[in-house]
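These are the residues of each chain, in order.
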Amino acid sequence: MDLALIVSVQVLYAIATLVIISSGLAVIFGMMRVINLAHGEFLMLGAYSAIFATKAGVNIWVAMLVVAPICVGLFGIVVERLIIRHLYGRMVDTMLATWGLSLLCVGLVTSLIGNTTSGVSTPEGSFSIGAYSVSLYTMALIVIAVLLLLAIRWVLRSTDWGLIARGTMQNPGMADVLGISPTRVYSITFAVGAALSGLAGGLLAPVSGVVPTMGGSFIAKAFITVIGGGSSILAGTVSASALFGLINQLATFITTPVFGEVALFIAAVVMLRMLPQGITGRFFKGSL
Amino acid sequence: MDRRKFIQTTAGGIAAGTAGMYGSSALAADDIKVGSIHDLSGGLDIYGKPMVDALTLAIEEQNAAGGLLGKKVALINYDSQSNMQKYTEYAQMAALKDKVAVVHGGITSASREVIRPVLTKNKTLYFYNTQYEGGVCDRNTFCTGVTPAQTVQKLIPYSMKKWGKKVYIVAADYNYGQITSEWVKKYVAEGGGSVQAVEFFPLDVTNFGPTIAKIEAAKPDFVMSALVGGAHMSFYRQWGAAGMLKKIPMASSTFSVGNEQIVLAPEECNGMVLSYNYFQKIATPENKTFLAAFQKRFGADYPNVTELAMGTYQGFKLWAEAVKKAGSIDRMKVIEAMESGISIAAPSGKVTVDGASHHCILDVSLAEVKNKKLDILQTFSQQAPSDTSSVCNLKKNPAENKQFVIKV
Chain A
1 MDLALIVSVQ VLYAIATLVI ISSGLAVIFG MMRVINLAHG EFLMLGAYSA IFATKAGVNI
61 WVAMLVVAPI CVGLFGIVVE RLIIRHLYGR MVDTMLATWG LSLLCVGLVT SLIGNTTSGV
121 STPEGSFSIG AYSVSLYTMA LIVIAVLLLL AIRWVLRSTD WGLIARGTMQ NPGMADVLGI
181 SPTRVYSITF AVGAALSGLA GGLLAPVSGV VPTMGGSFIA KAFITVIGGG SSILAGTVSA
241 SALFGLINQL ATFITTPVFG EVALFIAAVV MLRMLPQGIT GRFFKGSL
Chain B
1 MDRRKFIQTT AGGIAAGTAG MYGSSALAAD DIKVGSIHDL SGGLDIYGKP MVDALTLAIE
61 EQNAAGGLLG KKVALINYDS QSNMQKYTEY AQMAALKDKV AVVHGGITSA SREVIRPVLT
121 KNKTLYFYNT QYEGGVCDRN TFCTGVTPAQ TVQKLIPYSM KKWGKKVYIV AADYNYGQIT
181 SEWVKKYVAE GGGSVQAVEF FPLDVTNFGP TIAKIEAAKP DFVMSALVGG AHMSFYRQWG
241 AAGMLKKIPM ASSTFSVGNE QIVLAPEECN GMVLSYNYFQ KIATPENKTF LAAFQKRFGA
301 DYPNVTELAM GTYQGFKLWA EAVKKAGSID RMKVIEAMES GISIAAPSGK VTVDGASHHC
361 ILDVSLAEVK NKKLDILQTF SQQAPSDTSS VCNLKKNPAE NKQFVIKV
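As given, the protein sequences belong to chains A and B, one line each in that order.
With the working numbering, you'll find the first sequence wraps up at 288, consecutive numbering, no jumps.
With the working numbering, you'll find the second sequence wraps up at 408, consecutive numbering, no jumps.
What the hints contain is simulated information worked out from the structure, not anything from laboratory work.
Careful, some of the hints might be misleading.
Claimed, not checked - One side only, chain A facing chain B, incomplete, derived with CB under 10 Å: (1) Val-7; (2) Thr-110; (3) Ser-118; (4) Tyr-132; (5) Val-134; (6) Ser-135; (7) Pro-206; (8) Thr-213; (9) Ser-217; (10) Thr-256; (11) Pro-257.
Keep in mind that this is a model prediction, so the values were computed, not measured.
Ideal Cβ placement from N, Cα and C applies to all residues, glycine included.
Extracted from the complex, chain A is given alone in its bound form (with noise of 0.2 Å):
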C-alpha cells in the first residue's frame, strides 16, 4: 500500500517535470509555430538565474518563481526582437537560427561561468508516507505544475488578452484590420513562453546539477512531449505528459533509469507513428 502511493507520487513528479520542462515551449511552438531549439538554453538561463539571485541572499522561492522567468522573459523579449520577428512564417529558418542561439548561449555561458556544475540544496524538508520518505519539495512540483496549467488556462479561456493571443495566431491579417498589433502579440506571446521556460529552470535548478550544456538533456523529452501532445497546447501537454511520464517512472521502478528513458522513447515512437497528429490529433479534438 504504502509503496503503490510512493510509485503514485513518483509518477506524479515524473508528469509534474514534463509539463514544467514543456509549458514554455508549447507556447512558442504549440501556438506560434517556431521551432525553438534554444529551449533547452532558456532553461540553462532561468537555472542560472534562481542560482545567482539565492546566492546573493534572495529567498530560494522567489528566486525560482520569480526572478528566473523575469530574466529569461526579458531574454526572450530582445531575442524575438533581434532575431525571431524577421522570421515568422519561416520555420526552417527559425530554426536554424535558433539552433545558432543555443551553440551561442552555451557559448557564452560556458566562458563567463565556466564548465563547472553548480546548484542549490533542495528547499524544505521530507515527510513520510507510511514507512517512506518523500521530499517536500517534490510535492511542491507537482502542485506548480497544476497551478501552471490552471493560470495558462485561465489566461488563454478567460482574460482578453488570451482570446486576442488565440485570434492573432490563427489570423494575424484579421487582427490587424480590428486594430490590434500582431507584431506586439507575437512579442508579448515570444516572453511569456520564454518566461515560462525560465520557471522551468529555476525550479529545476535545486534538483539537477546546473551547468552550461544541461539544456540538452532537457530538449528532447520537451520536443517529444509537445508534439506528441498535438495541436491543442493544453490538452495536449498534459495528456502527452501523463502518458509518457507513466511509462517513464513505471520502466525506471521495475528495471533502472537508464531503462525508463528508453521506454519513454520508444513510446514515444510508437504513438506518433499511430497518431502521427499526435494525442489531440484524435482525442480531445478543439479543446484548449
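Please arrange chain B on chain A, whose structure you already have, making use of the hints.
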C-alpha cells in the same frame, strides 16, 4: 553531428590550438617536460582542478630545490574537458609532438584505459595517481593510488560492525563502479553479510527519486555509494531532502574526492564514512609542511586538499625520486629505479613502490564527514596492494599488459 558534439569539437579545436602553442613557445629547449592530462572543465572538473594544483606545486618545489638532474622541470598541461576523445588526442600529442618524459593523468578508470594503450604503444612513461578499482598490470604504468584491498577492505567491515550486515550498493555505470561493487560484494560476503541490490547509473543521471524509494523499500542497514561526478551529487541532495540520512547511514568509496562535503550542506552528508590514503587532518610533520606550502601557493581559504590531489603530488615525488636514482629520464632506467622499491616520506605517511605490481604500499585511514570537514577515525599503517599483487607480477612477466578483474 548533434549540437553537443559540435560545441565540443569546436571548443576542443580552439583549446588544442592554444595548448600546442604553449607547448612550443614557453619552454626552453633542455627543460624536462612533464605532461599532465586532467579534466579542468566539464562534469569531472571537481576532481581535476585540485590534481593540477597539486602537480603545479610539486613541480615548483622541485624547481626551487634546483630542478632535476640540473635541469628545470616544465609542466605541460592538457585540459581533457571530461571528454574521452580529448584524452586520446592529448595522449598522442604528449607522446609524439611534445615528447614528454612522463605523463601524469587520467581521472576516471575509463579515461585511464583510453590513454594507457596510447602511451604504452608510444613508449611514454605513465603515472595514474587516482584511487581506483585495482588490477592494472602494465610495465609502462605506475598506479600510485589506493585500491579496494586497501580501502574497501577496511571500510566494509567497519561499516558492517557499526550499522549491520544488509548492504545496498549504488555505483557509477562504468568500469570503476562495476569492478568496485564486485569488491564490495566480496568483502560483505566475507563478513557474513548480504548485498540486497546493486544499481548502476550513467554519469549524467540526475533523478534518483525512484531509486531512493526502492532503497527505502529494501531497508538496508547501510548504503554503499560509488557514485562519480557532478550530476551524481544530486543523489546526496535528494537523499538528504527525503530525510533518509537520518534513517539509513552511508559509506562511500568516492565521496569527498571532489570535495562534495563542501558543496553539499552538512545535513546532506554528515556521518558518512570514507576510506582513503590521505585526509587533510593527518597529523604528520610532512603534512604540516605540505599544507603550509600549499596554502601559501593557492591561498589560505583553499577548500580542502583531496585524496586525488595528494595522489598526484605523491606520484610526481615518486617519479622525481626515481629519476634522481636512475640519473636519467630514460624510460627504462626510470622504470627500473621505480621497481627497485623506492620510497618517499610523503604527507600521508611513508609511500613505497611495490616493484612487482607497480602499485604502492601506503597508510590508509577511515574518516567521517562532519560539518564540511573529514574527521579521522582510525589509521592503518603501511597497507599493501594485495588485490593487484596477488595476480600481477611484472618482475616475472614483464610483458604482461592487461587489467585483472576480480571474480566473485
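Evaluated hints:
For the restraint placing Val-7/A at the interface with chain B, the shortest Cβ-Cβ distance is roughly 7 Å, inside the 10 Å limit, so the hint holds. A distance limit of 10 Å between C-beta atoms decides the matter here; for Thr-110/A the minimum to chain B is near 8 Å, and the interface restraint holds. For Ser-118/A, the interface hint holds, the least distance from its beta-carbon to any beta-carbon of chain B being 8 Å, beneath 10 Å. Look at Tyr-132/A: its Cβ gets to within about 5 Å of chain B, closer than 10 Å, so that hint holds up.
Satisfaction of the interface hint for Val-134/A is found here, the shortest Cβ-Cβ separation to chain B being roughly 6 Å, below the 10 Å cut-off. The closest approach between the C-beta of Ser-135/A and any C-beta of chain B is roughly 4 Å, which is under the 10 Å cut-off, so the hint is satisfied. Hint status for Pro-206/A: holds, given a least beta-carbon distance of 7 Å to chain B, under 10 Å. Among the interface hints, the one on Thr-213/A holds; its C-beta lies about 6 Å from the nearest C-beta in chain B, closer than the 10 Å criterion.
The interface hint given for Ser-217/A holds, since its Cβ lies 6 Å from the closest Cβ of chain B, which is under the 10 Å cut-off. Because the smallest distance between the Cβ of Thr-256/A and any Cβ of chain B comes to about 7 Å, under 10 Å, the interface hint for this residue holds. Satisfaction of the interface hint for Pro-257/A is found here, the shortest Cβ-Cβ separation to chain B being roughly 5 Å, below the 10 Å cut-off.
Checked against the numbered hints given earlier, the structure satisfies every one of them.
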